[in-house]
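Trainee: One-letter residues, chain by chain:
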Amino acid sequence: MSEAFGLLLYGFGVLLTWKTLALMMVGLVLGIFVGVLPGLGGPNGVAILLPLTFTMDPTSAIVMLSCIYWGALFGGAITSILFNIPGEAWSVATTFDGYPMAQQGKAAEALTAAFTSSFIGSLVAVLLITFLAPGIASFALRFGPPEFFAVYLLTFCSFVGLGREEKHKTLISMSVGLLLAGVGMDTVSGQLRMTFGSAELLRGVNFLVAVIGLFGISEIMLTMEERLALRGHAAAISLRTVLRVWKEMPRYWVTLVRSSVIGCWLGITPGGAIAASFMGYNLAKRFAKDKESFGKGRIEGVFAPETAAHASGTSALLPMLALGIPGSGTAAILLGGLMVWGLNPGPLLFVEHKNFVWGLIASMYLGNVVGLVIVLTTVPFFAAVLRVPFAAIAPMIVVSCAIGAFAIQNAMFDIWLMLVFGVVGYVFKKIGIPLAPFTLALVLGNRAEDAFRLSMIGAGGDLRVFWSNGLVGSITTLAIVLLFWPLISAAVSGLRPAKPDRGLSAP
Amino acid sequence: MANPEKEIVVEDPAAPAEDSPPVAGRRSVDVAVSLLLLALAALLGWDNWRTGIGWDAAGPKPGYFPFYLSTILAGACLWGLAKELRARRQPDEPFVSRSQLRRVMQVFVPTVAFCVLTQWLGLYVASFLLIGGFMRFIGRIAWWKCLVTALAFAAVMFVTFDVAFDVIMPKGPFEAWLGR
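Chains as they are written, first to last, in our numbering: chain H, -17 to 489; chain P, -15 to 164.
Hints in this document: simulated from the structure, not taken from any laboratory.
Note that beta-carbon positions come from the ideal geometry of N, C-alpha and C, so glycine has one too.
Some hints could be false.
[As the list claims (entries may be wrong)] Quick list of the computed label-pair ranges, beta carbon to beta carbon:
1) P:A26 - H:R209: 36 to 42 Å
2) H:A366 - P:P5: 35 to 41 Å
3) P:D150 - H:A473: 58 to 64 Å
4) H:G452 - P:A8: 50 to 56 Å
5) H:G(-12) - P:D(-4): 52 to 58 Å
6) H:E208 - P:D150: 34 to 40 Å
7) P:G59 - H:L3: 50 to 56 Å
8) P:A8 - H:W235: 21 to 27 Å
9) H:N392 - P:V143: 16 to 22 Å
10) P:L27 - H:A181: 14 to 20 Å
Extracted from the complex, chain H is given alone in its bound form:
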């Protein structure tokens, strides 16, 4: 406990230079922009702006990128409440009560509530990371290749078993991602595979290029399909409103605690912020005395989903830092960034790159405090950003995507690849093939394969190595249970007498 505290102070020491603080501000403002603009969101914002950080040292780079992420999380609430347009999927639940509040002339209260509860959610998750991540990392230092492969397997299986999409579509998305990860030079034998004699494919399919296409270009096409007219409220937040909302807040502590716990839990398991925000909202509604007042502009209906969404968005970084396994799409992109900056993600980060890890954790505290102040004071400005016509924003996003894709490996081929992934992303999203498993598979593919082959070499090709001790055996078994979870839960409920659905699950 006290050791973590000392290291955290050390992290603040790393952070408190003018340059890092300036980058933090830039990151937050860019992030709020990204969150507010239609056709851009957390993952693509981070992916597009990643090339800016290539020439920075890793600590400054991750501080800026994670601040873009916090900013995007804050920004999503602005459009949900003022315009009834969720800038991000995880802000959908915020519109249920946030927009009615704005219609009743209580936009400032709703915004203050959203920002403050986001702040609380992240704070809880950051505290969790501070005190839990070092422990998990030092435990994982004892992991060998079989244990790591089991953990990767667990990640992939839980996507298939617990995801809400059709199972075969999750499986398609994941296997395509893993296959593309294998294109190019095989890291173990040095042999080429799946290149079909193309020199461009020798380098392999770059993860970030794919992400920029899948999330950036395809999102522009999807946005163009929709009606872009919008009508909403302008609002400014006065200090008096802020203080009034804060004074009311302690009354809702149960909701805040409940949503934080849900958020942290769902953030660590690959499920993500979207499910968390709905679940936070639904549970708050379930436990309320007057359920009818939800959806009509109740402040608790803003607190609950925002706390959960931010808690899960932040805690998704825990497995990324401690194990090298991202808990969300954005975390996967940050992980891709780590590799570009020459860091090897995994438990060794805590030992070899103390500066980096504790600088990042300290920036989570500071970034959230500064972010809260920025959004509370600059809401009118960011709401006005929506007046900029989409015809001006769309080509700028396209150019930024192209710059991002080119800068990664200085290759024109990557710009074309980005375009292909843009079309793929558009079609996949429209027929319901989820993109998150693809992202995760592409970034983890090589490491999962290496872990598998190293364990096979170590065990002389005996698959029983994945059950060779208690730890690896229980992880592997858990992975397989999760993979077949839908079948198992169907079998269990078939055995039991029918029980009425209590509607506790996320929609």
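Keeping the supplied structure of chain H fixed, place chain P upon it in accordance with the hints.
Mentor: Showing chain P alone in chain H's frame:
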């Protein structure tokens, strides 16, 4: 409320019509994608089989892991195809309507043109043309606004990437003429 409520209104005159006929059904696209992915699985499976899917002294050969993945991919595609085939009597939902497709092409075609131009003219000139052209011809925004925005954006990108962060972008004859 301390200050009076103001409304922000943005119109979208070119919005896709609600009653536009569908170009393709979701199910037909789903089936087409499944078939394409099945072909991809077959191609990659064959290539990996050629590389070697067995085991040697150093454990599994390079083709082992991807070969079995392409099998999984093929299996998932077949599963999806069977599912769509069984549901073929149920009514399909539209994948994209004609006027939606028109709008998507309005952004996709300029993007492709931009990529081609980047190869010839360099990224900055191409982005000036894309932004200016898109704002003018798709957005119908006043000429001077288009020119100023496009010029300002290209200039800011140039200063940020080429000058401040040393990230070098593709360049063309214009930059050569300027001596960069």
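Trainee: Per the hint of 14 to 20 Å, is the separation of the Cβ atoms of L27 (chain P) and A181 (chain H) within bounds?
Mentor: Once the Cβ atoms are compared, 19 Å apart, the range 14 to 20 Å for A181 (chain H) and L27 (chain P) holds.
Trainee: For the hint 21 to 27 Å, verify it against the beta carbon of A8 (chain P) and that of W235 (chain H).
Mentor: Once the Cβ atoms are compared, 52 Å apart, the range 21 to 27 Å for W235 (chain H) and A8 (chain P) is violated.
Trainee: Using the C-beta atoms of G(-12) (chain H) and D(-4) (chain P), is the stated range 52 to 58 Å upheld?
Mentor: The hinted range 52 to 58 Å holds for G(-12) (chain H) and D(-4) (chain P), with Cβ atoms some 55 Å apart.
Trainee: So does E208 (chain H) sit 34 to 40 Å from D150 (chain P), Cβ to Cβ?
Mentor: Taking Cβ atoms as reference, E208 (chain H) and D150 (chain P) lie about 39 Å apart, which means the hint holds.
Trainee: When you take the CB atoms of G59 (chain P) and L3 (chain H), is the distance between them in 50 to 56 Å?
Mentor: holds (52 Å)
Trainee: For A26 (chain P) and R209 (chain H), compare the CB-CB distance with the range 36 to 42 Å and indicate the outcome.
Mentor: At 41 Å between Cβs, range holds.
Trainee: Taking the Cβ atom of G452 (chain H) and the Cβ atom of A8 (chain P), is their distance within the range 50 to 56 Å?
Mentor: With Cβ atoms ~53 Å apart, the hint holds.
Trainee: State, for the Cβ atoms of N392 (chain H) and V143 (chain P), whether the hinted interval 16 to 22 Å holds or is violated.
Mentor: The hint (16 to 22 Å, Cβ to Cβ) holds, given that N392 (chain H) and V143 (chain P) are roughly 19 Å apart.
Trainee: For the pair A366 (chain H) and P5 (chain P), does the Cβ-Cβ distance stay inside 35 to 41 Å?
Mentor: holds (38 Å)
Trainee: Confirm or reject the claim that D150 (chain P) and A473 (chain H) have a C-beta distance inside 58 to 64 Å.
Mentor: holds (60 Å)
Checked against the numbered hints listed earlier, the structure breaks hint 8 alone; every other hint is satisfied.
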